[in-house]
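> These are the residues of each chain, in order.
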Amino acid sequence: MGDSAYSFSLTTFSRTGKLLQIEYALNAVANGRTALGICAQDGVVIATDKKLPSVLVDPEHVQKIEKITPKAGFCYAGVGPDYRVLVKRSRKSSQSYLSEYGEVQPVHQLVTDTASTMQEYTQRGGVRPFGISLLVAGLDSDGKPALFQVDPSGSYFGWNATAIGKNYVSAKNFLEKRWTEDMELEDAIHTALLTLREGFEGEMTAHNIELGIVKKDGEFQVLQPSQIQDYLDEAN
Amino acid sequence: MTAGSQMNANNLHEPAAGFDFSNYLRNQNLLQTDGAAPKLKAKKTGTTIVGTVYAGGVVLGADTRATNDTEVAERNCEKIHYIAPNMYCCGAGTAADTENTTALISRQLELLRMDTARPSRLVTAVTLLKRMLFRYQGHVSAALVLGGCDLQGPHIYQIYPHGSTAKLPYTSMGSGSLAAMAVLESSWQENMTEDMAVQLVQRAIGAGIFNDLGSGSNCDICIIKTDGTVDYRRNAVKPNELAPLRAQVQRSGRLNMRPGLTPIIKSEFKPHPVVAAGGETAMEVE
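If you're matching them up, the sequences are chains A and B in order. All residue numbers for the first sequence refer to this note's numbering, where the first residue is 1 and numbers rise by one. All residue numbers for the second sequence refer to this note's numbering, where the first residue is 1001 and numbers rise by one.
Possibly wrong hints are sitting among the right ones.
[As the list claims (entries may be wrong)] Computed spacing ranges between beta-carbons, pair by pair:
| id | chain 1 | residue 1 | chain 2 | residue 2 | range |
| --- | --- | --- | --- | --- | --- |
| 1 | B | 1024 | A | 100 | 28 to 34 Å |
| 2 | B | 1226 | A | 184 | 33 to 39 Å |
| 3 | A | 125 | B | 1153 | 48 to 54 Å |
It should be emphasised that the hints constitute simulated quantities derived from the structure, not laboratory data. Just so we're clear, the structure is a prediction, and the values are computed from it rather than from any experiment. A virtual CB, placed ideally from N, CA and C, is assigned to each residue, including glycine.
Kindly generate the complete structure, drawing on both the sequences and the hints.
Set out below in structure tokens:
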């Protein structure tokens, strides 16, 4: 009995004041492949484990890090199809922002917009929450780099460095020891790769991870495997 | 909320399929009232716009005068609009229509580029533009010359306000199009070099600037090359500079008096008394 009796409907609080569907969504996230991000003083890097279930899967068609605006990108942990829906929606809404205000949507507005969509799915009838946590890397309107996490409940957090998905606890401990305030983007990329490798099952190559960066005055870009290989070679 | 639209899941109005004629009766009524209602005069661009293909890409050209009937509303406006990193569009007709139409299609193409992870193609832009313009049955007064380079090579398209399009090696639109076309028809050749193409476009726009009242001021040029680089030359040619003409006007010396010409006989300084909110003078100064 207890809490689980209230877990059937999203829009019903349990006696202890929890929305169990959201808790369960967070479980789905914790089952997802690790994703992490580090905010340096001159840019942000997000990275994820792209380990594919079988050698037969064509990695070219799997993309986890996606550009949303010229200055921001997403990465996720959790249920892939839910991510696709959010990516499409956020892209469209940032074009609306561009149309209305004549400027690229700053990362903070993008985060609150996306978080607000995710919250909507915890209160409307007939839907379930998104089974993903997002990492948003981007620049805000004065060019300052920022990293955010958005959860299935719709709450969002700004981070200096964080990790989500499997092994996020040990990854976060690792990052806590390594993050410094005067870190530069190149160091951050290096640290991100080291952190990813900590919890990686098997050998980490340029083809089974993804890296996305945005530099202070630049555009968000997903790195090519050849670029990742250069960083991996440096790290060895 | 018009009768022919519905709300979708995102609370945005979507047009119902087909045409929406709900304003037709209202428009008929307006025209029949006594002393028929004056039609809104939109700011038009007059305009000469030109586009041509050459050996290494395309060259687009435009004049820079915007008119409101016979008045020049803007002497140096920009008529070459960004559509995509590899595509630009010259616009003639109503200024607001050309700007907003090109901006809308530019945003749609950006979404498509992110979804498909591929550079945009000219045919996509042309199709999006013509479908939208046809839907508005010519009421969106945008006559466009779209040019750019994609994986299939360099292309120039002309798009009319009612939604018809043509793919051509060179073209001109706007009120100065005849003057420009006269130049193009006499001098255009296949496989021109970049310099030849730029010279040709400048002469064609120049013909519009000097022979058409709706076009004038300067010439803007945009070169889009097959290797993906873009050379946007704002005010590439300025044959109508005003500064030398203004300098020739003899004005009375008395309009330009330097400080210090008037001798000061006596000076006295009295600060204004500060009155507090209650109405009483808070500070009296001797």
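> Could you check the hint for me, namely that residue 125 of chain A and residue 1153 of chain B are 48 to 54 Å apart, CB to CB?
This hint holds: roughly 53 Å between Cβ atoms.
> Please test the hint of 33 to 39 Å on the beta carbon pair from residue 1226 of chain B and residue 184 of chain A.
holds, 38 Å
> Does the hinted range 28 to 34 Å hold for residue 1024 of chain B and residue 100 of chain A at CB?
Holds - the Cβ-Cβ distance for residue 1024 of chain B and residue 100 of chain A, about 30 Å, lies within 28 to 34 Å.
Every hint from the earlier list agrees with this structure, and none is contradicted.
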